[in-house]
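Working from the sequences, and respecting the hints, build out all of it.
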Amino acid sequence: EKIKHLVQVLYNDIGLERLRDEIKRPLDGLRVAVHYGCHVLRPSSTLKFDNAENPKILDDLVEITGAKSIYWPLKLWCCGSPILAIDKDLSLSIAGMKLKSAKEAGADCIVTICPSCQIQFDTLQPEISRVTGEQYNMPVLLYPQLLGLAMGFSPEEVGLHLNRISAESLLKFQRKT
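Following our numbering from start to finish, the sequence shown increments by one per residue and tops out at 177.
What the hints contain is simulated information worked out from the structure, not anything from laboratory work. Accuracy of the hints is not assured; some may be wrong.
Claimed, not checked - Cross-link-like lysine-lysine pairs, in silico, BS3-like; alpha carbons within 30 Å at most:
1) K176 - K24
2) K24 - K75
3) K103 - K75
4) K103 - K68
5) K68 - K24
6) K75 - K2
7) K100 - K88
8) K176 - K68
9) K176 - K56
10) K4 - K24
11) K24 - K56
12) K24 - K172
13) K56 - K4
14) K172 - K75
15) K24 - K103
16) K176 - K103
17) K172 - K100
18) K56 - K68
19) K172 - K68
This is the structure:
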């Protein structure tokens, strides 16, 4: 059997329509900066996950939650995590450029499918601010957290309390039941 990423299972095996049927509390008006992560897209000839130059799978999955996947110029840039142990300041500066790009594009949050990217953007955000001198206060969710909220799970059930940057501001986008 072929090993699959969770997002491939959701998109290809379960499908958008079936997932859409499970959305109980759509995230109306939430503007999401989608971040795929380098290692899910490249090398594209080996991974065959999505089009590395113009990916859409995660964008489509975000949109079924009622949120809007927005355009942002640095969407396909690396988060900087792979060089964290080699050049921490450069790594955090790269992440800072991405956070700034998402913020300037009007994102309410970043959603990723890569745990390393989530750690880089969320857990290390205070350090990124120290290196860049800028405050971002940008919530960063893993896609299952976003999907869970839209399906009606509580913030605790999706682990929002484990995120370093508070995502409580995103709850106002949940349609009331």
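Exercise for the section: Of all the hints given earlier, name the ones this structure violates by number, lowest first. Expected result: Hint check: nothing fails, all pass.
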